[in-house]
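Given these sequences and hints, build the entire structure.
Just so you know, the protein sequences line up as chains A and B, in that order.
Here the first sequence stands for residues -9 to 101, where the numbers follow the working numbering.
Here the second sequence stands for residues 206 to 509, where the numbers follow the working numbering.
I should point out that these hints are in silico values taken from the structure, not numbers from a laboratory.
Any given hint could be a false lead.
[To be verified] Some chain B residues near chain A, calculated using beta-carbon distances under 10 Å:
(1) Glu230
(2) Asp241
(3) Glu245
(4) Leu269
(5) Ile274
(6) Gln306
(7) Gly307
(8) Ile308
(9) Trp310
(10) Ile312
(11) Gly316
Predicted model, so just to flag it, every value in this text is computed and none were measured.
Backbone N, C-alpha and C define an ideal beta-carbon position, used for all residues, glycine too.
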Amino acid sequence: MAQRLELMKGSSESLLLCLISQQPMYGYRIIKELEKRSQGYFKFKEGTLYPALHRLEKAGLIRGKWQMLPSGRQRRYYYITDKGHRLLVVKRDQWQDFLIAMNLIIQPASA
Amino acid sequence: MITALSQYLDSIRDNLRLDLASEREVIDELQTHIEDEFQEMREAGLSEEEAANTCIKFLGSAKLVARQIYEAHSQGTWKQALMASMPHLLFALLFALNWWQGIGWLIITLGLVLSMAVYGWLHGRPVWLFPWRGYYLLPVLVAGLLLLYLPKGWSWLTILLYLPLALWLVWSVTVQTVKRDWLYSALMMLPVPIILGWFLAVGKEGKFLELSLEHIRYFAPWIGLSFLALAVTAAAFIRLRQRWLRVALLLLSGFLTLIMVAFYTGGRLGLSAFLVLTLIMLGLLLSPALVERRLRHGKQQPTS
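This is the structure we're talking about:
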């Protein structure tokens, strides 16, 4: 579990950007979506989600916007910005290169 | 909302130390998160108490969450850093370029400092405002100096009118600032021991607070340099994220600048004066934390 958290620490920015780029989302939904899509592998510690989202927002990578729901409640949805999109492209490329390199070494050579 | 959850959000609010608009946004966002999670747990069959406790457990320590959110927001932009350093830079220029001898420049600088302080106060108290606010106290100092020249027998005016008014003003400015964050109050007070140090150093021999223009002229470049050090400190303070680094920066900068004053005045500031000034500096920089603690304690008492 600790190793999983360590791995996640370095990639949480990419994970958040990627999810928000696919669809504007609010904090609670992000946690649920991340857990669901990774089949329970990624469990974002809730207390660290909002600082991470606010850091991304401060860096201009995402933008938060309050939206009124039909029920009358308000939620803060996050949208990716152009700067965020550009960074995500770079991060995706880096991640692909990393995966290829890791696979070349970790995967057993085929007979 | 369940009491435990309200208390949890209150605890986050107390430790956030952000401006009012950001604080409200953060608390509203966390509240909607808690409401969603609480509802989901209630639907899963948990009692109200169990659901509330689980929500708090999932979010983690209120202090830690508040600290991390603070660090996400605390770093000011370079523009804000420049704005924060401007009042000290103005005073640095005033002395380094010998503008202090022209009454015109003096009035322009004082007018600018005071109007920026008022402007910032009326425009949401941005982070760059606090170093400017420190100069609110300049007219108090100038009035106090002018009182020294009153004819004999008029000292009752100082005791009955000036001292209570001056203390009230210093106290109210400090409390207003502490309510936002005691660190801003410490940033605001940082120049006080340095200015006091220079007052002592440029005074006439054996006559406390009787200024010698010749000495001011002689020490003007070094006075300018010490204001420059304050300007760099204010800019660095705005750019730092962590609170402990900000505290360390203020203490270190205050201490080093005092050493600089003692060094360049070549013995005019004796060891005892230096030690007293260091104690004043520690008191001014750290006492706002105690004031904040007392204010919070007073606020929490009626509800407990």
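Evaluated hints:
The restraint placing B/Glu230 at the interface with chain A holds, with a minimum CB-CB distance near 7 Å, inside the 10 Å limit. Checking B/Asp241 against chain A: minimum C-beta separation of about 4 Å stays under 10 Å; hint holds. At about 9 Å, the closest approach between the beta carbon of B/Glu245 and any beta carbon in chain A falls short of 10 Å, and the interface hint on this residue holds. For B/Leu269, the interface hint holds, the least distance from its beta-carbon to any beta-carbon of chain A being 6 Å, beneath 10 Å.
Against a cut-off of 10 Å between C-beta atoms, the interface hint on B/Ile274 holds, since the closest Cβ of chain A lies about 5 Å away. The criterion of a C-beta within 10 Å of any C-beta in chain A is not met by B/Gln306, whose closest approach is roughly 45 Å, and the hint is violated. For B/Gly307, the shortest C-beta to C-beta distance to chain A is roughly 43 Å, which exceeds 10 Å, and the interface hint is violated. Given the 10 Å rule on beta carbons, the hint for B/Ile308 is violated: about 44 Å separates it from the nearest Cβ of chain A.
With its C-beta approaching chain A no nearer than about 39 Å, B/Trp310 sits outside the 10 Å limit, and its interface hint is violated. Checking B/Ile312 against chain A by beta carbon gives a least distance of about 39 Å; that is not within 10 Å, so the hint is violated. For B/Gly316, the interface hint is violated, the least distance from its beta-carbon to any beta-carbon of chain A being 35 Å, above 10 Å.
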